[in-house]
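Visitor: Spelled out from the first residue to the last, the chains are:
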Amino acid sequence: MPSPDEIKQRIEASIPGAEAEVEDYTGGGDHFKATVTAAAFQGRSRIQQHRLVYEVFGSEIGGPIHALSLKTLLPQKTPTL
Amino acid sequence: MSSQPSSTRDLPMSSAQPSPITEAPVSGGETNPIREAITEAISEHKVILFMKGTPEAPACGFSARTVAALQSLDVPFAAVDILPDPRIRQELTAISDWPTIPQLFANGELVGGCDIVTEMHESGELAEALQ
Chain A
2 MPSPDEIKQR IEASIPGAEA EVEDYTGGGD HFKATVTAAA FQGRSRIQQH RLVYEVFGSE
62 IGGPIHALSL KTLLPQKTPT L
Chain B
372 MSSQPSSTRD LPMSSAQPSP ITEAPVSGGE TNPIREAITE AISEHKVILF MKGTPEAPAC
432 GFSARTVAAL QSLDVPFAAV DILPDPRIRQ ELTAISDWPT IPQLFANGEL VGGCDIVTEM
492 HESGELAEAL Q
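These protein sequences, in sequence, are chains A and B. Position in the first sequence counted from 1, then plus 1, gives you my numbering. Position in the second sequence counted from 1, then plus 371, gives you my numbering.
By construction, these hints were calculated from the structure, which means they are not laboratory data. Hints may contain errors.
To be verified - Below 20 angstroms or equal to it, Euclidean Cα-Cα: the simulated EDC-like pairs (lysine to aspartate or glutamate) are:
1) A:72 / B:427
2) A:72 / B:496
3) A:9 / A:22
4) A:34 / A:56
5) A:72 / A:20
6) B:417 / B:407
7) A:72 / A:31
8) B:423 / A:61
9) A:34 / A:24
10) A:34 / B:490
11) A:34 / A:13
12) A:34 / B:493
13) A:72 / B:493
14) B:423 / A:22
These numbers were taken from a predicted model, which means no experiment stands behind them.
Looking at chain B on its own, in the form it has when it is part of the complex (with noise of 0.2 angstroms):
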């Protein structure tokens, strides 16, 4: 249900292989390298998901309920997990105006969270969304 690209490999991407943030890539004038990494995932993504937890084990209903909305539609998505770091959470609000977590882009454009998402779901406005 989630994809690993290997270019995302600086956020906890959901995978057999999860890596959390655990140090700041090192390269010269990366003033906010979590921030880059956040928004590059974004960019690469057509659907991704930052919630709390992974799409296998959610750790908080209202990411449980997005991720459920998502796989009732068979849409591939990559997930992010925000937990591991707050930076993760700090960052993305701010680069998202948004804040509460789930949050769900697609095409590089905010969609919304859990109550968004579920009120497009139920709708039927989801699926187009994520085309």
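The following block holds chain A by itself, in its conformation from the complex (with noise of 0.2 angstroms):
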């Protein structure tokens, strides 16, 4: 059963430069609530954004991750050069 760190670990090492914030959504260990922030999001629709971060666990969405919600988003600032 994946625990929030992994999941979080999982999405920030395969959407590049993506932060997330993962936390277990009825403390049962199969309903985690994730925020995503990543500027790969950029020009993407919602359910685009949505579907990068659900192809990151396949078809363990539906099996030991019951259920993932998620919440994307866009970085806020922009580093300057």
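Make one complex out of these two single chains by using the hints.
Guide: Shown next, in the form of structure tokens:
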């Protein structure tokens, strides 16, 4: 059974530049809630953004991960060079 | 709150007379009747929700929240219960490339699941997307 920390790390490892906050939604270890901030979401619809995150877990969604509630955000500040 | 046109009788549409899928309709050349029934239902209903349970008795909190968002907008929608046959979810996910339930479609397109519908409802975008 995945831990919130494992889910966070897998999201951050799979989506370049992503920062994720993950919590166990119900305390039962199979409903998670993730807020993911990533520049990779730029120019994508909400559906496409959520798909990017779901793709990290493939068929685990609906299996060991019963539910992964998502909120996707774009980084607020662009670094000035 | 939901409608049941006779043309989608192959799916467990929410209505006073539910008709869960029992057997695939027999007709030559149709290799995947469930997928075809889903595709047909999506194209024939302006707003259609695939959910666990029915709008009157949702079987999952995420489905319940999505139904509540639709009902608060007073938008008529068709509802399909995916629970009676696991093949419905399997085929739906193959069509939509979306792993979770519920799934809301409007005008033939996937609007989103519970998170997106809730977010759009709160921002006021949902009503527009369902027009």
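Visitor: Looking back at the hints listed earlier, which ones does the structure fail to meet?
Guide: 1 and 14
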